[in-house]
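S.K.: Respectively, the protein sequence lines represent chains A and B.
Be aware that the first sequence starts at 1, since it is given in this note's numbering, and climbs by one per residue.
Be aware that the second sequence starts at 344, since it is given in this note's numbering, and climbs by one per residue.
To be clear, the hints were calculated from the coordinates, so they are not data collected in a lab.
Honestly, I wouldn't trust all of these hints.
Far from chain B by the CB rule (all over 12 Å, computed), these chain A residues [what the hints assert, rightly or not]: (1) Val59; (2) Leu131; (3) Arg183; (4) Asp184; (5) Ser240.
No more than 25 Å apart at the CA atoms, straight line, and that leaves these computed lysine to aspartate or glutamate pairs for DMTMM-like [unchecked claim]: (6) Lys551(B) to Asp510(B); (7) Lys551(B) to Asp617(B); (8) Lys619(B) to Glu221(A); (9) Lys350(B) to Asp75(A); (10) Lys105(A) to Glu147(A); (11) Lys105(A) to Glu83(A); (12) Lys418(B) to Glu74(A); (13) Lys619(B) to Glu229(A); (14) Lys350(B) to Glu263(A); (15) Lys30(A) to Asp135(A); (16) Lys333(A) to Asp136(A); (17) Lys350(B) to Glu74(A); (18) Lys367(B) to Asp255(A); (19) Lys418(B) to Glu285(A); (20) Lys619(B) to Asp549(B); (21) Lys350(B) to Glu79(A); (22) Lys105(A) to Glu150(A); (23) Lys105(A) to Glu220(A); (24) Lys551(B) to Asp573(B); (25) Lys418(B) to Asp255(A); (26) Lys58(A) to Glu109(A); (27) Lys418(B) to Glu277(A); (28) Lys350(B) to Asp104(A).
Don't be surprised by glycine CBs; every beta carbon is placed ideally from N, CA and C.
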Amino acid sequence: MSLKILDKEAVAPLIEALMADYRVVGPQAKGSKFAFDPITDPAHLRLDYDTTILPPKKVFQPQHERLATFTLGEDPQVETAIEVEPTVLLGMHACDLHALNLLDKAFSEDYPDAHYLSRREMTLIVSLECLEPCDDESFCRSMGTLEADEGFDLHLTDLGEAYAVEIGTEAGADLLAKYGDVRDATDAEASQKAELQSSKIKHFADRLNFDAAELPSLLEEAYDHPHWEELEERCFACGSCTNVCPTCYCFNVVDEVNLALTEGERIRHWDSCQLAEFARVAGGENFRESRGARQRHRFMRKGKYLYERFGALGCVGCGRCIRTCPSSISILKGFNTIRASLR
Amino acid sequence: MSTSIYKPEMARLGNVQQMTATEKLFRIELPKGQSLGHDPGQFVMLSVLGVGEAPISITSSPSRSNGDFELCVRKVGDVTGALHAMQPGDRLGIRGPFGVGFPMDSMRGKDVLFAPGGLGLAPLRSLINQVLDERDEFERVIILYGARRRSELLFRDELNEWVERDDVECLLTVDCEDEGEEWQPEERLECNIGVITTLFPEIEVDAKNTIAITCGPPIMYHFVLMEMLDKGIPESNIYLSLERRMKCGVGKCGHCQINSLYCCQDGPVFNYADIKGFEEAL
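Excised from the complex, chain A in its bound form (with noise of 0.2 Å):
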């Protein structure tokens, strides 16, 4: 499909009819870093943003989400409840998209989640192009997610005065047509992109010491490597890395009931096995009981298991979790220990 323009002057007046029919979620100021919010104002819209607190996994599976009602009583009765509402997501970058594209794999595999994926279809994706680093900790280039072939249905890409606008599918292209004013890019408009897309990796450093196709092998060997130690003396448990990770999907289930004890909801949140009772059963025997233990766990769910089922790697490289953690763990510097050692 053809390549569009999108003026600059344009996305505000699309943004408001969008908000018409849809919920647009994009990224917005939040304190000095930025967040993937419900727009309310198009001009609070930030496609300038390097990168978010949380990923925009939170738009798919929410921190906190009802996955069904109750009544109680003599004949309690149970309800699915699927909370889902049309969305536009926009502004993704590469690193989420490709995160994303691995949390479809593990809820649609064998069981698939409905209520994943009702949000999963409802919800279309315009991702924007990383022409520069969004700091320092992200890797990006190394992981080989600095480029997103699919998992989009519009793709934007920062021209100057105007953006232009890729077609992933044909709901993008009914979207665009419907609400967007756009027109052809012109031949030397098309050139520009292709020249901005062939040129940014220079300025993306590659700061992983090694090929990323050797993590899975490379910490099959490291399962008693002493960084686990040194990790178990750093790690606060706080959870924070797995928060903030695109790809960290774990959740816990628990039922709310409400004063009257006559009806309820059984709520699914984020969990993190960073937690000290993620691995504990009712008995008390805890099956991860330290720190190092869990820190291990993260590295090689993130390097190594994810990978084994769903042949993608569990990281991305956007450097969430290293910029996030208050003891300043980086699974970066983690992954580059390690191969130092070993090979």
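Got chain A sorted already, so can you dock chain B onto it with the hints?
M.R.: Here is chain B on its own, set in the frame of chain A:
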């Protein structure tokens, strides 16, 4: 897409039998008399609405299902505590069955050695009774069962039956006698005094032709495995049923992960050779 894998089926609690001070046996009837359709060793996610959900292994065998099934549950947490307070006729939620059960097919034609400890008898009972109901399909059936005290022995009627049967070699042991408990002679099963490993010298096995199965408290596995391996039973002939925290039962929530494996989907029954290199297994 509107069918949720997390929606429990509302079942009816049938007969409830107090087995020990902390364990009860619950008979559960699915709506419209439908059968659970489980394999021995599988589990269900049991919901007490308003309290939560917990994974519980199925203790009845498919061969004895009349459209219902049994769970033997220790009162130990929120959900099991609430379950213990329920009465026949009450409603509870069921999802499943889930997971991989015991390898019935590779056991046929072989000697079978069961070594459950304590509440570990609950999942193994589904297999033991299935094997006994297809008795001709198997060679020797050996059951070595240990509990902490006589008062904690589960399924005493069935233990008695297994001890009496000529085609079952069943030995029982308790770590120590209850203090101040007087047992009526007819209730008094013949028990060795000592931990479960003290029963192993009592039996001879044709190691290569034996499939050995164990389940019990975490502390027990290492010692039972040592006894089994000492007998010469090949690692790949040994199976374990493992317990983990679970919030979904379908390989998503992450709680039950054992290294790269998911207890809920790859287990809860594992071949020892497959997991012996996994530090998180035991």
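S.K.: All the hints need checking, so say for each whether the structure fits it.
M.R.: Here is what the structure says about each hint:
1. Val59: holds (17 Å)
2. Leu131: holds (35 Å)
3. Arg183: holds (37 Å)
4. Asp184: holds (37 Å)
5. Ser240: holds (17 Å)
6. Lys551(B) to Asp510(B): With Cα atoms ~20 Å apart, lysine 551(B) and aspartate 510(B) stay inside 25 Å; holds.
7. Lys551(B) to Asp617(B): holds (18 Å)
8. Lys619(B) to Glu221(A): Cα-Cα ~16 Å, so holds.
9. Lys350(B) to Asp75(A): holds (16 Å)
10. Lys105(A) to Glu147(A): holds (19 Å)
11. Lys105(A) to Glu83(A): Between lysine 105(A) and glutamate 83(A) the Cα gap is close to 20 Å, so the pair holds against 25 Å.
12. Lys418(B) to Glu74(A): Given that 25 Å is the threshold and the Cα spacing comes to 23 Å, the pair holds.
13. Lys619(B) to Glu229(A): holds (23 Å)
14. Lys350(B) to Glu263(A): holds (16 Å)
15. Lys30(A) to Asp135(A): holds (17 Å)
16. Lys333(A) to Asp136(A): This hinted pair holds, its Cα atoms lying about 12 Å apart.
17. Lys350(B) to Glu74(A): The hint holds at about 19 Å.
18. Lys367(B) to Asp255(A): Roughly 24 Å separates the two Cα atoms, so the pair holds.
19. Lys418(B) to Glu285(A): Between lysine 418(B) and glutamate 285(A) the Cα gap is close to 15 Å, so the pair holds against 25 Å.
20. Lys619(B) to Asp549(B): Since the Cα atoms of lysine 619(B) and aspartate 549(B) sit roughly 23 Å apart, the hinted pair holds (cutoff 25 Å).
21. Lys350(B) to Glu79(A): Within the cut-off at roughly 7 Å; holds.
22. Lys105(A) to Glu150(A): holds (15 Å)
23. Lys105(A) to Glu220(A): Distance of about 23 Å is within 25 Å: holds.
24. Lys551(B) to Asp573(B): With a Cα-Cα distance of about 12 Å, the restraint between lysine 551(B) and aspartate 573(B) holds, given a limit of 25 Å.
25. Lys418(B) to Asp255(A): Holds. Lysine 418(B) to aspartate 255(A) sits at ~19 Å (cutoff 25 Å).
26. Lys58(A) to Glu109(A): holds (20 Å)
27. Lys418(B) to Glu277(A): holds (19 Å)
28. Lys350(B) to Asp104(A): Holds, because 21 Å separates the two Cα atoms, which is no more than 25 Å.
Consistency note: the structure conflicts with none of the earlier hints.
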